[in-house]
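Heads up: the sequence lines are chains S and D, in that order.
Quick note: to get the numbering used here, add 16 to the position in the first sequence (first position is 1).
Quick note: to get the numbering used here, add 16 to the position in the second sequence (first position is 1).
No wet-lab data here; the hints were simulated from the structure.
Computed from a predicted structure; not experimentally measured.
Any given hint could turn out to be false.
One copy or two, either will do: identical chains are not told apart, so a pair holds if it fits within one copy or between any two.
To be verified - Subject to a maximum C-alpha distance of 25 Å in a straight line, what follows is the list of computed SDA-like cross-link-like pairs (lysine to any residue): (1) 367 - 299; (2) 367 - 266; (3) 248 - 352; (4) 367 - 275; (5) 89 - 67; (6) 248 - 121; (7) 332 - 376; (8) 248 - 227; (9) 332 - 321; (10) 408 - 119; (11) 367 - 379; (12) 248 - 225; (13) 89 - 119; (14) 332 - 275; (15) 332 - 277; (16) 248 - 408.
Here's the letter readout for the chains.
Number of protein chains: 2
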Amino acid sequence: MAAPVTESIRTDNTLALIRSLRTHGAMARIDLAAANQLSSATVTSISGELIDQGIVVERPPDSQGPGHRGRPKTLIALHPHAACVITVKLSINEVRFTVGNFCGELHHDDTLAVDTLALTAEALSELLIRHIDDLCLRMTSACGPVASICVAVQGIVSPLRGSIVWSPAFTLRNVDIVSPLRARFACPVQLENDANCISAAITRHPDYMAIPNLAVIMLGYGVGMAIMIDGKPYLGAHGSSAEFGHTKYEANGALCACGKRGCIEAYVSDYALYRDAHTLLPLPAGDSAHPSEEQMQVLVRLAEDGNPIARQIFDKAGHVLGTGIANILALFNPDQVLITGSGVRAYDQLKPSLEQALNDALVAELIGQTRLTTYGWDHDMTCMGAIQLALKAADRRLMQADRPRALPLA
Amino acid sequence: MAAPVTESIRTDNTLALIRSLRTHGAMARIDLAAANQLSSATVTSISGELIDQGIVVERPPDSQGPGHRGRPKTLIALHPHAACVITVKLSINEVRFTVGNFCGELHHDDTLAVDTLALTAEALSELLIRHIDDLCLRMTSACGPVASICVAVQGIVSPLRGSIVWSPAFTLRNVDIVSPLRARFACPVQLENDANCISAAITRHPDYMAIPNLAVIMLGYGVGMAIMIDGKPYLGAHGSSAEFGHTKYEANGALCACGKRGCIEAYVSDYALYRDAHTLLPLPAGDSAHPSEEQMQVLVRLAEDGNPIARQIFDKAGHVLGTGIANILALFNPDQVLITGSGVRAYDQLKPSLEQALNDALVAELIGQTRLTTYGWDHDMTCMGAIQLALKAADRRLMQADRPRALPLA
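Bound-form chain S, shown alone (with noise of 0.2 Å):
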């Protein structure tokens, strides 16, 4: 039987109250009332609520900094260890799991280096359900009752059958990672595509939640991309939308990981800058199929120094990168484009070519009033947006009865 309205509006304000508290951080009851155009009364009886429930604490007022003028306001805050979230990023040759607070604060990082070609489904999910064992052993007294699971993945997934339905990272088709981690797991478990992840980051974001059509563009081992369409992100009729990685730049052009010719990502990610360079550049040993960040940024410091030959590759580079991202302004006409990822380690030696590229391919109407912005992290954003979405997942489940209690701060 569906929850009374009543009781299904107060779980609604709920969420809401959580999420700004997360979203910005400690706030006075008043403000956090304002914000979420609700009473104080309400304010005050769902916090006092959360506070019983461990959820929420409340911070001194001389906790606020000298800073603070007038008289000083009580101020709540999310309790970071209520619950916990564990992340899971399969990508290729690398399997990275992330431990998020209840704040959505990234609080453990584990990176495995693992052949993801070479797995079987079955090892694939021993291989998830052994560390995440292992994580809920080590987090769980340090960080609260792990409430949530969110697995990320390069390549087209289908959320609701929880199955990878095409990844770079796997030989592997259409497999169902979410049930066995269910079936091991009492809480929820959710698949997303990469770029959703990063949508979920990005619209958490003060600089960009407010930006109504925006295209994210992430450079790294591959080329993803996230779009926005009216503040939502935009996933296509059956969820593979926004492959921008897989756009053409030429028919019958560089190999590319999918296995096809002519790629964006063919000429732009970091392992198809690296398959060029290695040949003829002096690069650290190492496997050049699968480069490391400092593999990377060795080859970025030699087009900085003027290596012709390191040169000539980011040229090119930006040139596919701005005619890639010329179709994009053709065809979503977006009020930005966001260039994000690792790869904007090497932005300054993209940049002349990818915007000799853009004014080369549209007339300056097409090109129109579109911002064109990079954004390095020092987080990985798929990490940060998914510990986003299995927060939302946890949040939840938190409002059911007979949950887990949080343990005491510290």
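Start from chain S and add chain D according to the hints.
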């Protein structure tokens, strides 16, 4: 002062009933009530008023044909001459005027050959005013008062400012075309991009109105597009989205009418096909840069008859179009791609290389379940959509008091 709420609800309901009758033709009041989720009493009251105003007419039961069973219902229908609308389609070297009746049917169609690239802003508005003046004189007695004008143009327009920002039809930029027409004609005047007109026609077409994510590609003198997302036309942040014709097939490729190189249009449009063909093939004399339908038909027939040069030209165009459509699938993942426009005449010639290019470009999972279909048209879909958009403005105008009365039905 805003209209009272009950009055504004009645206006909304009246507009909804008029739209239903325009889409579905004559209907019984009871079916009209069900289709619009209104009470029979409301429909009876509103339709009575519309009959008094001469906007709606009753159809006697005996006009419902011999196949009708049961007790015949009295149908009501729009009075086709309650008002008419005029549309102007501006293309390179051609200005087309159509008159649509109140049911949305094409009543009159004039096409003028005009050297559009040589026009000044004054000459353009004089030309339009002179011809529309003449149409008003000739049409009003047969078709009812002119209630609205819609100007459709290929390129980038600012519907709000009423100006043509950029169009391949003109060397002019930022031409305010709406103000002179508004100053002359006492009715609403709107300016629309041709692709948005196509959207307006498509969303009223029973075969396509229920498809949430639809990409409509228009082949003809140029290559245009309209994108429906969640059932609504997607216009982009500044109204210049869906410029598929100017996405890139290859950097530094064939010269496009926009002045840039390598656009899809520079290989697939009528002018591009004929440009390649007319130097080597026995084609009819005439303006080879702006080929007529007859000229294009001769070229298609040569390919159908196996002429290797003509075959090669369409092979290349199909390959380019397929590569471009691959980008649409990768970025939008639509439910359906609909190829329409006069260029559909050569679809059988384009199809093999188009499908090959699509399969070469994308892994099967990205081609996915998107359906690729064609729709040849009898009437120009831009004009038919412009009539629909003009009627939308006319409907609102008819709701105002002191409107001109329709003529009695002949």
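Okay, the hints, checked on the actual structure:
Taking the closest pair of Cα atoms, residue 367 and residue 299 come within 25 Å of each other only inside a single copy of the chain (23 Å); across copies the shortest separation is 47 Å, beyond that limit. In the homo-oligomer, the alpha carbons of residue 367 and residue 266 lie at most 25 Å apart both inside one protomer (20 Å) and across protomers (20 Å), since each shortest distance falls under that limit. With identical chains, the CA atoms of residue 248 and residue 352 are at most 25 Å apart both within one copy (14 Å) and between copies (21 Å). With identical chains, the CA atoms of residue 367 and residue 275 are at most 25 Å apart between copies only, with a shortest distance of 24 Å across copies and 28 Å within one.
In this homomeric assembly, residue 89 and residue 67 come within 25 Å of each other (Cα to Cα) only inside a single copy, at 17 Å, whereas the closest approach across copies is 66 Å. In this assembly of identical chains, the alpha carbons of residue 248 and residue 121 lie at most 25 Å apart only when taken from the same copy (23 Å versus 38 Å across copies). Taking identical chains as interchangeable, the C-alpha atoms of residue 332 and residue 376 lie at most 25 Å apart whether they share a chain (14 Å) or sit on different chains (23 Å). Proximity of residue 248 to residue 227 under the C-alpha cut-off of 25 Å is found in both arrangements, the shortest distances being 10 Å within a copy and 20 Å between copies.
Proximity of residue 332 to residue 321 under the C-alpha cut-off of 25 Å is restricted to the intra-copy arrangement: shortest distance 17 Å within a copy versus 43 Å between copies. When the C-alpha separation of residue 408 and residue 119 is checked against a cutoff of 25 Å, the pair qualifies only within one copy, where the shortest distance is 11 Å, while the shortest distance between copies is 50 Å. With identical chains, the CA atoms of residue 367 and residue 379 are at most 25 Å apart within one copy only, with a shortest distance of 19 Å there and 30 Å across copies. For a Cα distance limit of 25 Å, the shortest separation of residue 248 from residue 225 qualifies both inside one copy, at 10 Å, and across copies, at 23 Å.
Proximity of residue 89 to residue 119 under the C-alpha cut-off of 25 Å is restricted to the intra-copy arrangement: shortest distance 21 Å within a copy versus 65 Å between copies. In this homomeric assembly, residue 332 and residue 275 come within 25 Å of each other (Cα to Cα) both inside a single copy, at 21 Å, and across copies, at 23 Å. In this assembly of identical chains, the alpha carbons of residue 332 and residue 277 lie at most 25 Å apart whether taken from the same copy (16 Å) or from different copies (18 Å). Within a single copy, residue 248 and residue 408 get their C-alpha atoms as close as 16 Å, which meets the 25 Å cut-off; across copies the closest is 29 Å, which misses it.
Checked against the numbered hints above, the structure breaks none of them.
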